[in-house]
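Let the hints inform the model, and build the full structure from the sequences given.
Each protein sequence line maps, in turn, to chains R, B and G. Numbering of the first sequence is given in our numbering, commencing with residue 640 and proceeding in unit increments. Numbering of the second sequence is given in our numbering, commencing with residue 26 and proceeding in unit increments. Numbering of the third sequence is given in our numbering, commencing with residue 1382 and proceeding in unit increments.
No wet-lab data here; the hints were simulated from the structure. Be aware that one or more of the hints could be misleading.
Derived DEER-like restraints, expressed as beta-carbon distance ranges [as the list claims (entries may be wrong)]:
1) Asp245(B) <-> Thr1023(R): 47 to 55 Å
2) Leu1010(R) <-> Arg1490(G): 20 to 28 Å
3) Asp1606(G) <-> Leu1052(R): 26 to 34 Å
Backbone N, C-alpha and C fix where the C-beta goes; we use that ideal spot for every residue, glycine too.
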Amino acid sequence: MSVVVWHAYHGAEERALQDAADQFEKQSGVDVQIVAVPWGGFDSKVETAVPRGNGPDVLITGHANIGKWSKLGVIEALTPIEGLRPFTVEALTYNGKVWGEPLAFKSPVLLYDPAVIKVPPRTTDEMLALAADHTGPGKYGLAYEASTAYYHGAWLHGFGGSVLVDGLAALDSAPSTEALRFVASLAPYLPTRPTADRVGQLYDDGNAAMVISGPWFVADRTRPIAAATLPIVSATGQPARPYLTVEAAMLCPGHDGQALAFAEYLAGPEGAAIRRDEGFQAVAADVPLTNPLLATLAAQAESAVPLPVDPDVQTAFEAENRALRRVLRGAVSPENAAQEAQAYWKSLVKPRPEPASPLPYAIVATFLGLLGAGAAGRAIGSRTAQIRTNATDYLWVLPATIAVFVLVAVPFLVGAGVSLFATWQGDYVFVGLDNFVNILTSRDWPLTSPMSFFYALGVTVAWTMANVALHVTLGVTLALALREPWIRLRPAFRALLVLPWAVPSYITALIWRTMFDAQYGAVNQLLGAQIDWFGSFFAAFAANLTTNTWLGFPFMMVVTLGALQAIPRDLEEAAMIDGAGYFTRFRHVVWPLLAPALLPAVVMGSVWTFNMFIVVRLVSDGEPDGATELLVSQAYKWAFTRGNLYGYASAYAVIIFFVLLAYSRVTARLLARNKP
Amino acid sequence: MARIRLDAVQKRFGATRVLDRVDLDVADGEYIVLLGRSGCGKSTLLRCIAGLEEVSEGRVHIGDRDVTDVSPRDRDVAMVFQSYALYPHMTVARNLAFALEIRSRPRAEIDAAVKDAADLLDIAHLLDRLPAQLSGGQRQRVAMGRAIVRRPAVFLFDEPLSNLDASLRHHMRLELKRLHKRLRGTFVHVTHDQVEAMTLGDRMVLLDGGVVQQVGSPRDVYETPANLFVAKFIGSPQMNLWEAQGHGAHTRVQGVDVDVPVPADGKYTLGVRPNDVRIEAGAPMTAKVEIIEALGDEAFVHLLWGEQRVVARVDPRTAYDVGEDVRFTFGRAHRFDTTTGSRLP
Amino acid sequence: MRAPSVPVQVVVHAALIVFTALTLYPILWVVRMSVSPGQGFQSGLSPIPEHVSGEHFRAVMGTVAADGSWLFAHQLLNSIIVSCATAAVGVALATTAAYALSRFRFPGREAGMDAFLVTQMFPSVVVAVPLYVLLDTCGLLDSTVGLVLVYAATSVPFSTFTLKGFFDTLPRELEEAALLDGASRLQTFVRIILPLARPALAVTFLFSFMTAWNEFVLANTLLSDPRAWTLPVVLQRYVDDYGTQWGNFAAGSILVSIPVVVLFFALQRHFVEGLTAGAVKG
Ligand SMILES: Nc1ncnc2c1ncn2[C@@H]1O[C@H](COP(=O)(O)OP(=O)(O)O)[C@@H](O)[C@H]1O
Ligand SMILES: [Mg+2]
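What follows is the structure, encoded as C-alpha cells:
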C-alpha cells in the first residue's frame, strides 16, 4: 500500500513537497506517491474520480472548496494537530468540523519596486498620492487585477463590507458602494483591464511602481521586488483586508491508514520547516517566518479574511466582477453599479424549483418509447427481405456505428438526462422540464439581455455564419493559390500556414487577446488607432472572430487541398480554351465540383463553430458584460462558474442540440431542393 | 465452351424498362456486334452478360452454365470499358497482371502472360508507365491487354474504339479482327458505328429502345432489313423511303406513277437504296438534280422528284449539272408495312 | 497549364508572403516566449527575442519521473502512440463505413448518415462525466485504450463524411473492372479504392490525429499517472490559478507543434497529387 497524494504545486513548492514526502518515507517506511494534477482540471477531476473510488488518499489544495466537497463526501473531517496558527484552522472549519490539516496560507499584499518607492504607503491616501506621482505615459502608479472580486475583497472588507451576509449577497450595501467608489478613484493610475500576465509584464518592464498580488507573483519576477502589508483605508481607519487562502492536506474517503500520518507530518514542524525553507511557503505551523516576504504574509494574515466556503460565493463574485468591470470602464457610476450587481446576483441565484413528480414524465416517456419502438419495428418489418439481401452491407458500417453510438451518443443521452434535474450543491432534484421552460421563456431576464437564451442564440448564429464564411473563403483561396505550379516554395507555404492549427490554441488565443490590448496591443499599434477592443460588442466580436478565423482557416485549407485532387485540371484547361478568365473558371468549373466535396466540412465546421467556446472564453470572455457570450459558453458558465447548475447547463446543451438539429434539417431540405 | 444464351432478359431501372425480352444466342467463338443508337440499352445488355447488372427477369447462360445468379468474377468474362477504367495508381504492367495476381497465379506465369499480351498489342515498351502518362490509343490497347491477359472465354467490348481518331480506329478494327482469330474467344462488341458493326461482326444485333430489331450477318441485315428501323439505320446514305400505293401493276408515289420491280397491292412504304437508283437515259421517271456530293471514289446525286427527294449513287466520273433534268429507274426495292414498320415480302 | 503574366505572379507571391507573415506573427510570440528567460507573458510589437536562453526547453524536456526515467520522452511517446492509434482506428472505422455509404444501397443508410451528423451536435460540456463512468465501468480508466477509443469515435463522423464525399467521385467502372478481374469486394476496396483515396485518407488521418493530439479535458480526467500523460496534460500543468509559467508553456507548445508539422510535411504530398487522372477516357 502507498499513500497517493494529488496536488497542483509547481516549482519550489512542488520540490519541497516531494522532499517532505521523501523524508516521511524514510522515517516511516510508508510509500508516498506525489501526483501532480493540472490545476485547470483539478476540481472536476476530484469530483469525478473520488466518488467512484478512483481518487487519491490525500488532496492538497486551497480551503475554498471544503463547503462543496464536504457535502459531496469527497473529503473527510479530521482533528488537526497542535501547534498551528489558529486562523488557518478556523479557515478549514465548516459545519463545526475541520476538513484538513492546514499547510500554508496565501493572500495578496502590497508589492513595490524598491528602486522607486522608498517607503511603502501606510494609508490609501498615501497610496493614491504615490500612485499619482508614478503615473505617466505608459507608466502606472499601481497595477493589479482591479476588476476581480478576489482582489477587490481587500477594499470591500476595509470599508466594512462583505460579499455575503447570512448567505445572501450584499453587493449594494453602503460599504460595497463606498469600495466601488474608491476603486473608481484608483482608475486613473491603473492600466485598463489588466490580467495577471499584464501586471507581471508591466512590473518587469519597470512600468508599474506598486502591485497588489501574492507570493506567487514574486516567484516569477525578473526585477527586485519588496513587500508590505496593504495600507489602511483612510476613510474608515480600518486595514485593507484581502482574502486569505489556506492550503491544506485533506483526506479522501477510504484513504490509506497512513494517509493521516502523512498529512500530520506535512503540517507538523518538520514538514513545515522543509516547505518553508525549500518551498518558500508561509506555513500554517507556528514556526518562525523570518524571510521578509513570509513575514509580511504573516502580518497580512492578521487582518485577512478567509475566502468564504459557501458555494454561493461564486455567483456573488461573478456579479461583483461585472460591477467592477463596468465601474472601471466608466460605463456606470459606482452607485448604479452596486444596485445592478445586486439585481444581477438575484437573477443568477435561481429560486430552487419545485420538485416535480416523475410519474407523468415516466408515462409519457414510456408511451413515446413504445411508439418509437413500434415505428422502428414496422420500418424493419416492411423491409426484412431487403435487409436480408443486403445483410453483408451492414458489416461494413457496424464497427463505426457501434463505436459512435456507445462512446458519443450514449454519454450525451445520459448527460442530457441531467437536464430534468435541478442541481444544487451536489443535490439532484427531479424537476421535469422546468429548466427548459425557464430558458425558453427567458424567465429571469428580458429577451434583450445578454443573459437571455435568445440573445445568445442570435450572437451564436452570427458568430457561426461569419466564421464559416471566413474559414471557407480563406481556406479555398489559399488552397487554390497553393496548387498553382508557378508558386515558389509551395511546400514551405503550405506547412507554415498549417501552424495555427498545430500550435495549442490555449496560448495562441491568449496571444491574440494581448494583441487586442487597447494600449499595448499590436493591432492598435498597427492600425495607429486607440480602439478599446473589449469595450463594445462589435469590436469584441471582431476580436473573437479574427482569432477564430486565424485558428480555423488551416483546417479548411487542408480539406480543400484534398478535395481539389478529385477535380481534373483538364476541365479547367478546356474552359480556358473556351476563353474563360480565372474567376469565370472558378465559378463555373472548379466551384461546382469543389462545393459538394467541401459540404461535409462546411456543415460540420458550422456545427463545431456553433459549439466553440474556447476562443470566447480566452479572448473576450464575454465582454462587454456578457454581450459576446455564445450559447455554449453560457452553458459552460452555468456548469462551472455560476454555482454548478449542471441541470440548467445540461438543458442548455440539449436545446443547443435541437437548434443544430433544426439547422441541419433546414440545410438538408435546401440542398435537396437545389439538386436537379 | 463459351456459347452465350440470353432467355427473355428484361432489365428495369425503377419504372423505366431498358431491356425488353431480349433473346440472343451467341455461338462459341463468334464475333457478335451489338449496334444501336446511344441510349438504346447496348451497354446495359453487355453489363447484364458480364453480371455487373442483375437482370430483372429472364436467364443468362454462358457455356453450359446458368450464370444469372453468378457473380461477375466467376463468369470467366473480361470487359473493356468505354472509359477503359485503367487502375490509375498502377503501372501498365500491374494493370495487366492484376487479374492474375488476384487469382494468386505463380509469378512466372503472370510475367509470361503479361509479356505475351504486351507483345501481342505492341505495348511492351509502356509497361512501366502509369495510365496518366499514356495517349488515348495506348490506353485503349492497355485496356484490351487487361482483358486478354487471362484468356477468358468471353470478351466484352463496350464501344472500345469510340474515343479514337479515324485512322487509329481503322487500324484498331483490323487489330480486333486479328485478335479474334488468334484468341478464338467469344467476342461481344458494342458500338453505335455501323461501319464497325459491318466490318467486324460475324453477326450483328440491332437494338432499339431495348428491343432486338434484327439479328443476322452484316450482309443479311443490309440486304434484307427486317423493318423500317433497320432499313434506316444501316446503309449510308440512308435508304430512300416513300409512301406508296399499289393497284395491280401500277404503283403510285404521291400521284406519280413509278416503276417497281415487284408491284403489290395496297398502301405500304417503299424503300430503295441509293445504290439501286439507276440514272440512265430513257428511264421511266424524271427528276431535277438538286445537289451533287462527290466523295472521290463515289458520288451521290440528290434529286428533286416532285415533292419527294431521291438520293442516287452514281459514277463520280459522270458530270451532272445542278438543275438539269435526269431520268431514272429503280433496281432492287424493299417494302415495309407503314404502320408496324415490318418488312413485307 | 500556363502561368499568368509576371506582374500577376509578383502580386500573388507578395500577397501570399504578407498573409503568411501575418499568420506567423502570433506564433513568433510563442517562439519568443519560449526562448526568453523568465516565465512572464510577453507582448508588444516586435517578436524578436532580446535575450535567448534554452532554459524553458530544458525545463520542459528535462523532467524526470519518480523512478529516474526520462518523463518527457514517456509523455511524448504516449502522445504519439495515442494520436497515431486514434488516427489508425478512426480512419479504419470511417473508411469501411464511408465505402458502404457511398456504394451500397441498404435500408437505414440515410438514417445512419443523419445520425452520424447529429452526433457532431452534442455539446461536449455534458459528456465528460458520463464518459468517465462508462470507461470506469469497462475498466478502461488510466489506459490508452479507453482514450484511443473515445477519440477515434469522436473523429469518425467527420472522417466518414469526408471519405464518402471522395469515394463518390471515384468512377465506378474501376471497381467493376476489378470485379471482372476476379477481385472480391474486400480486395477491390483494399487494392483499388484505398490507394486512390489517398488525398482524403491523408486529410482524415491528420484530422483524427489532431483530435487526439490537442485534447486535454478527457485526457486529464482519465489519466492520473504522469507517465501515462499525453502532452496537452503536461502543458496544462504549467497553467495555474496564480499565474501561468509562460516560458515553459510556450516551449512546450513549440515542442507539441513540431510533430504536427512533421506529420503534415509527410502527408502533404498526398494532398497535392491527383490520383484519379488517367483512370477514364483518352
Ligand atoms: N443505372 C441506371 N439507372 C437508371 N437508368 C439507367 C441506368 N443505366 C442506364 N440507364 C438508362 O438505360 C438506358 C440505356 O442505357 P445504356 O445501356 O447505357 O445505353 P447505350 O446503348 O448508350 O449503352 C438509357 O436511357 C439510360 O439512361
Ligand atoms: Mg453505352
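* Asked: Which earlier hints turn out false for this structure, listed by number in ascending order?
  -> Result: no hint breaks.
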